[in-house]
Every structure is written in C-alpha cells, then in structure tokens.
Amino acid sequence: GAGVSQTPSNKVTEKGKYVELRCDPISGHTALYWYRQSLGQGPEFLIYFQGTGAADDSGLPNDRFFAVRPEGSVSTLKIQRTERGDSAVYLCASSLAGQGYNEQFFGPGTRLTVL
Amino acid sequence: DQQVKQNSPSLSVQEGRISILNCDYTNSMFDYFLWYKKYPAEGPTFLISISSIKDKNEDGRFTVFLNKSAKHLSLHIVPSQPGDSAVYFCAARTSGNTPLVFGKGTRLSVIA
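Chains as they are written, first to last, in my numbering: chain A, 37 to 151; chain B, 1458 to 1569.
Treat the hints as calculated values from the structure; they're not laboratory data.
Model, not experiment: these values are computed from the prediction.
Incorrect hints may have been included.
[As the list claims (entries may be wrong)] Simulated DEER-style distance windows between Cβ atoms:
id : chain 1 : residue 1 : chain 2 : residue 2 : range
1  : A       : Thr112    : B       : Ala1498   : 19 to 25 Å
2  : B       : Ser1467   : A       : Thr49     : 17 to 23 Å
3  : A       : Asn98     : B       : Met1486   : 37 to 43 Å
[Stated by the list, open to error] Sample of chain B residues lacking proximity to chain A, with all beta carbon distances greater than 10 Å (derived):
id : residue
4  : Glu1499
5  : Phe1503
6  : Asp1512
7  : Asp1516
8  : Ser1526
9  : Ser1531
10 : His1533
11 : Thr1555
12 : Ala1569
Backbone N, C-alpha and C fix where the C-beta goes; we use that ideal spot for every residue, glycine too.
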C-alpha cells in the first residue's frame, strides 16, 4: 500500500530491555514525526525529522529515547532500558515538506507493552 | 498544561441528528486547526482543517467552525451516521511543518 507503515504492530517486552520500532513513511514525504499515545490521552509529540536530521526532538521524554532516519526515509525509534511507563501506542506520521500546511498522514501505530 | 482541550470524553447521538464536538485551545500562536478521526487499531485519519484566517470550513457532512476570540472550535457532523462512531481528536499547530498538539479526544457513538 501507499500509506505509512509501522512494524511491529505489537511489541511485548520486559522491563529493562531494549526495543526498536520502525516506520516507513509515504514515498516522497521528507517530514516524519513520532508521537506517543497513552491510554485515554491524545497523541503526544516526540520527535520530528526533516530529511535525515532531527529538526525538533523536544518531545523525547528522556535520554532513553532516541530516533534515527539515516537515509531520509525509514525511521527507527529506539528505547533503552524500557520501563512500564513506556507502555503506549507509538504513532508515526509523514508529510510533504515545504511551505504551507501539509497534512500529516499517520501509520497504524505500534502498541508497546512493557511487563 | 493542556494547550488543546476536549472537555467531553464521550458523546452519544442518534442517527440522522447533528453531532457537535467541541475543542478549546490556550496558545494564541496556533494558526491552523485540524480534526482527526480514529478507529480502534488504526492511526488517526485526517478529516477536516481550518486556517485561522477563516471562521468556517465545510466538506460534505462535516463543518468546522472557529471562534478565534474565544479560542474555541467545533466540528459539526450532519446528518450523523453509525459509521461516524469513532474517537475524534482536535489538533492545532503553529505555521509550517510543526508538530501537532492534540486534545484527549471525544468518543462519538452514533446510535441507529
């Protein structure tokens, strides 16, 4: 399909483990966003890439969270020493770059459960 | 500190009637507002948006109204259909490709 895809759809891990979540944006979209949605909340911004570089990482909660986008397409969100409070749905979105208001298209999310 | 607030966690409406979902914001720098719809196990899907230079935008059964002085916007769905049952998120941002700030969502149930 032509939409944003995320893998895995579900991830269960134990406290203290390391996880990687992957996002494949829509082809040609240079802007990529990661959001986190906890139960009963709206999506909360984590980090935004413009091309390969992180344009804004102010939403990352602490240094256990890190994201990369080495070739300006696929992005990986990495979480070290996971904690139970990291359990949430992690959403990725992409959009066209440039001026104006470009719609963000969301993937289905990865549901992370930390036991 | 919630910059975008959806104070009604749920709303139940009869099929054929109007659904009105409300949203308030506090950041006066927001100049673009969006509504997203979310079904279970899916990502949010863009529904309709409005720029701060307008006070109304209409797309089929969906209309968004913006009252800048009150920092309030609303989404009207007329007529409501059972397939509209979903969680609706209000979102806002400042200019350009900036991240979206979301409300907590309102769960709409349209009863046949």
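**Message:** Which constraints among the numbered hints does this structure fail? Numbers only, ascending.
**Reply:** Violated hints: 2, 3, 4, 5 and 11; rest satisfied.
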